[in-house]
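With the hints as your guide, set chains B and C onto chain A.
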Amino acid sequence: MADTEKLVTFTVNDRKLAAPAGTLLIEACKTANVEVPSFCYYPNLSLQAACRMCLVEIEKMPKLQTACTVLVAEGMVVQTESEPVRKARKSALEFILTNHPLDCPVCDAGGECELQDMTFRYGAAESRFVEIKQHRDEQQWSPVVYFDRPRCILCYRCVRVCGEGMDVWALGVGNRGVSSVIIPNKQDHLECEECGMCIDICPVGALTSGAYRYKTRPWEMKHVANVCTFCGDGCKTTLGIRNDEIVRGDNRDKSGINGDFLCIKGRYGFDFTQHKDRLRQPLVRVDGVLKPVSWAFALQTVARRFQETQAAGRPIGVLGSTRTVNEENYQLQKFARRVLQTNHIDHHRTADFPALYDALAGKHSPVPLAASEDLKTAKAVFLIGSDPTNEHPLLAWNLRWGYRLNKTRLYLLNSQPIKLRRQAFRAAIVPAGSEGQAIRFLNGGGAVKATLSQTAGPDDKRWPQTPASRPEATQETLGDFRERLQKESDVIIVFGAELRGDDIHELVKFGSSLPGTTRYIALADNANSHGAADMGLYPDLLPGYTPVADVAARQRFESLWGGAIPSAPGMDAGDILGTAGKGELGALYVVGSNPFRHHPVDPAALRTTFVVVQDLFLTETAKQADVVLPALSAYEKQGTLTNTCGEVQLQKGGALFEGAKTDLEILHTLAGLLGHKWAAPDADEIFTEIRGNVKGYNVSLVQVLAGSSALSMSVNGPVPHQHALTQIQPNRDSLFTAGSLGRYSTALNAILEKRLRAEKV
Amino acid sequence: MSIFSPQLNTRFDELLKRYPVPRSAMVPMLLYAQDELGYLTPEAIREIAARLDESELAVHEVIGYYSMLRTKPAGRFHVQVCTNISCLLRGGEEIFEHCKQRLGVNNHGVTPDGLFSLEEVECIGACSWAPAVQVNYDFHENLTVAKLDQVLDKYRTGGVQ
Amino acid sequence: MSFPVAKAHPLEVRVVSKRFDIPDANTLPVYLAHDGFKALEKAFRLAPEAIIEEVKVSSLRGRGGAGFPTGMKWSFVPKQSAKPKYVLCNADESEPGTCKDRLIMQYDPFAMIEGMLIAGRAIDAHQGYIFIRGEYRYLVDVVERAIAEAYAAGYLGKNIRGSGFDFELSAHTGAGAYECGEESALMESLEGKRGIPRLKPPFPATSGLYGGPTVINNVETLATIPHIILGGGAWFLGLGLPKNGGTKLTCLSGHVNNPGVYELPLGFPLKRLIEEIGGGILGGKKLKAVVPGGSSTPIFNAAEAETLTLDFDAVAKAGSFLGSGGVVVLHEETCMVKFATRIMQFYKHESCGWCVPCREGTNWLLLTLGRVHRGGGRAKDIDLIREVSENILGRTFCALGDAAAMPTLSIIKKFREEFEAHLDGRPCPYAPTLVPRAPAAGPFVTV
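In order, the protein sequence lines correspond to chains A, B and C.
Residue 18 in numbering that gives the first Met the number 0 sits at position 19 of the first sequence, with consecutive numbering throughout.
Residue 157 in numbering that gives the first Met the number 0 sits at position 158 of the second sequence, with consecutive numbering throughout.
Residue 392 in numbering that gives the first Met the number 0 sits at position 393 of the third sequence, with consecutive numbering throughout.
Any given hint might turn out to be false.
Quick partial rundown of chain A residues pointing at chain C, CB under 8 Å, derived from the structure [unchecked claim]:
hint, residue
1, R51
2, S90
3, A91
4, I95
5, T97
6, F128
7, E130
8, V172
9, R175
10, G176
Think of the hints as simulated: they come from the structure by calculation, not from any bench.
Note that the Cβ used here is the ideal one computed from N, Cα and C, for glycine as well.
If we strip away everything but chain A, and leave its shape as in the complex, we get (with noise of 0.2 Å):
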């Protein structure tokens, strides 16, 4: 937006100040530590010039000036705290608390209202108001969102960042005058993403929030941002925790890589962990039932068939998990290969980062990874399958970013025609199957027919509009798309599990055809899924894509973990869960991981393998266990998460639950009952651990430990792996789902009863 290259100077409140030409006033005195008050605006939505709060003086200006609108000038000359200011923001005050209803000690909003906040600042201490307010009652527009409109002060923020943001258009203003009125898209209710993020932004309590309001006052709760334990974005939700239990979720304290971003999941999914079914104690089969015993008879039962099992030469097969923090699932790829010597370890893949590294060692541009936040600022953006409004909420967002307020071309190939072609610069619609064949084409090879779709681009400064019918599409090769996009520099190119094995080195190869700096995302599902890969829950790979039969890397990791480790690669996850089938495998360790969901194994198959499943649930896969442990959940334990895009981040937890344990905590005991002394589980020597040996993970602790985001980079040569590329199987999530997870949240249930409903209807 600003021209970075020239400054001007000003002078606010006496102060020579100097900001980028292009710099709105407001901003400029922002960023000098002055205050200029404002409801309407907010920071990359469009203006609104509308609440007064923001009025300066300006010289030679005759009326007072709203600073969200003004730019910065040379030679400015600015008041923002005289007489005439001061009266004018008191008087804005006292018109908007005229229809205000004072049940600040009843509202939600309470305690974290900027129209308290700012009439404490600024405000009258009596109000000259003695007509009648008009009282209305309060709506339910969805499960998740409510409405008391007397609270609202038609500041616009909801229908902004609903429309300009999400590009979701629920919101919008009715009636005129003092009648007017934020309405909903359904004249009474909301059909939308329940992203709750006109909640958030609401700068007093006119949006509430379904699974909230009326529980608690803010200053009751603790607040702790952690990463979100759902997609594989990472966001930060802000957890508000009373009594070591979350009663919310929202984005109050806006420090994560997602900023003003979260979706419904982030906001409200974090329900589960009070969920009526937690496992609380550990269970153990006894006559075919499984039964509660104490955690000490669980972990030896385990403890004691694990070796039996060994001992009997039969294997033992163990499934890591894509939303356990970094320190657990490099610790549990250890015990595996340390403890119990085997390395048939894998986890539910949802993205092929082995491919990627391996395409790009090498050839790669200096930064080959993109972080989440690049694709705001993306000059070009090569988006192949996924869908990211659905799978990964937060990319979608920075995409639209992009695309709002940096004219981002975004060159779209997909099998369907997703939400983000709204957005799209050239959007190509390919047969489902037929993306790789796509990608080989942009390489030279044989044509793809394609229905192809083009827009103007992001021309409309202002803001964009509804959306309004697109030219239609046309049937034709991929030619011009690939023209269009050969043209282009510094392109970030984003894709789905469409893309894998062959396919990937494919897309490299296109990649750095390309002039300037071309960074890739690789998109998977869960919280930790790239983390999962990185940490090494791979049967042929070590931590950081060292392939387990390199004996050099072998034996780097035996001197580290102080023993042999097997040499040669273990079973995948297909082919463990085919072994179980047959009744040859002799255990099963299934770590926050539910294969049975769509893998489903004969239980007299099973009969002979003796399975332990450590879980928050007693899932598909739990209840055929013979031993469950009740595991603590990722806002309950500490130690780092990788996001989709390799961004690392630090879980702070802050909730307690009574009788379940960390993975970590767990994995230890197990490794000492079986006669290896590991230290204490410490998440942050664990850390230390894989900041020390996981090639690419020599990220700043400083940045990390700051609550910042560090981006991780495993490219770390070639990555000769022997893979299946039908062990990627993505969720294929909605807003709404979440793997094995979401189905524990009321709020994420109730809103899908209420689609499903709706669409019967």
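The following block gives chains B and C in isolation, referenced to the frame of chain A:
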């Protein structure tokens, strides 16, 4: 299947040709649809939204803004009494009060037979011929209570269509 | 559906209204028979700059209310533009006290059309729209009929009368919103949106309708253009005063014996308008106050009215505005509290609601004024009304807030004793027929 008459649809087609942006036709389409249907029914709103490739929300936003557009039925003859300053000075309020009495309804009321509805309106541009009343789109100016009665009677007895 | 247009009063100087009493001047043959489209033919022979220059010389100032010099407005339009340019006619005449544009569209619509064509020729625009307020629905038919006639005779469309100049024109109906008279709100409305004014800059001359450079003028302004082109800017200027060129339609209403729309040279004395043209105050009563230019202009008391002349500069110097030419006369029995309340009822109803001071302030003022008028006022309410008005003034997004505050402030200042007479439960001492009542309810609530 359109809920509008063929004539109105032809008019819509013609309107849409006038503007580079379909949405520009929204306000005229709504007003003409209301002229035909008496008020903007949910079906009319849905059809106009679809025709313009806009959301129904966008149409509702517009309807709510313009004082002549309504989503509830009015009488067959919508009596709009101006009481703004020029009419006020010439007896506009007396005319309005008289209408209330004669029609037996309050502001925004509709007579039980559905024939008349009453609304106090802002300046209708008849200041030099005040007081004035608009019945549907017809102006009646330089009114007195007696003249107003004649006007209402004419509508009642079908003298004015 | 007929209203009387008086034959020209001897004191009138009829220019823009010169065809008002010619039967059927709103048909093309009659229009052509009375100098119709001669100005356009002349304009085709002039360079665009020369047209603008002629308008500048005439000193024509916008007749919609703001009084901005028309020639200058046209000259702000860039010559080159990637986006199409537009000429808009603001026929959203809604300022209380104003009823002149209605007459032009009824009796002389071709003059307006011709003016738009000349404007189009001057700024190199080829598309025009006439935005007519919804309440003037019957005039949409009149104007559309005129447009159709003009198309049929080749005065609109491609290659107009062999000139090589193309111009397309449509009428467009509003649907009830005073705010749409504000030029950027009008454009929003014409784009099918709520009539919320736009942030300025950019101004319409560079980015108006659909983002294209746009000239927007009032009906009377545009209908005056052909006369200026035909008669020459100097001639028109000479009809009025320097910087206040020509004549203007004045809408006389309220407590006078002969209300009506009269075309007067700028600088005409108000007193003579009331006495000689208006036939004096109704019922031989004494003058109390005069609104000089529509409800949004500060009011004058009888003493001030005595010497006032009706031109932009003189009225401004006296502390008000010539506005749209709506002169409203109030006699001695008018309750000024009631009058102020009714004005505020209008602005509360018409506030678009976008910005805080206007939305909340007009409502607050209406509630307070109504309460005072009904006898529920406290002594401090008078200053409260004044202070609330001052807090609106100059702080709103558009001029509607000022339009609500200015008359209120002037009434309080000049007729404070009338407010005092209403305090502490005392009944309204004026105009017993004007029943004190609660303010009207809001519009049909759709939500």
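Evaluated hints:
The closest approach between the C-beta of R51/A and any C-beta of chain C is roughly 5 Å, which is under the 8 Å cut-off, so the hint is satisfied. Hint status for S90/A relative to chain C: holds, with the closest Cβ pair at about 4 Å, below 8 Å. The criterion of a C-beta within 8 Å of any C-beta in chain C is met by A91/A, whose closest approach is roughly 6 Å, and the hint holds. Contact between I95/A and chain C, as hinted, is supported at the beta carbon level, the nearest pair being about 6 Å apart and thus within 8 Å.
For T97/A, the shortest C-beta to C-beta distance to chain C is roughly 5 Å, which falls under 8 Å, so the interface hint holds. Interface hint status for F128/A: upheld, as the beta-carbon distance to the closest one in chain C is roughly 6 Å, under 8 Å. A hinted interface residue such as E130/A counts as satisfied when its beta carbon comes closer than 8 Å to some beta carbon of chain C; here the least separation is about 4 Å, so the hint holds. Checking V172/A against chain C: minimum C-beta separation of about 7 Å stays under 8 Å; hint holds.
Hint status for R175/A relative to chain C: holds, with the closest Cβ pair at about 5 Å, below 8 Å. Given the 8 Å rule on beta carbons, the hint for G176/A holds: about 4 Å separates it from the nearest Cβ of chain C.
Hint compliance for this structure: every hint is met.
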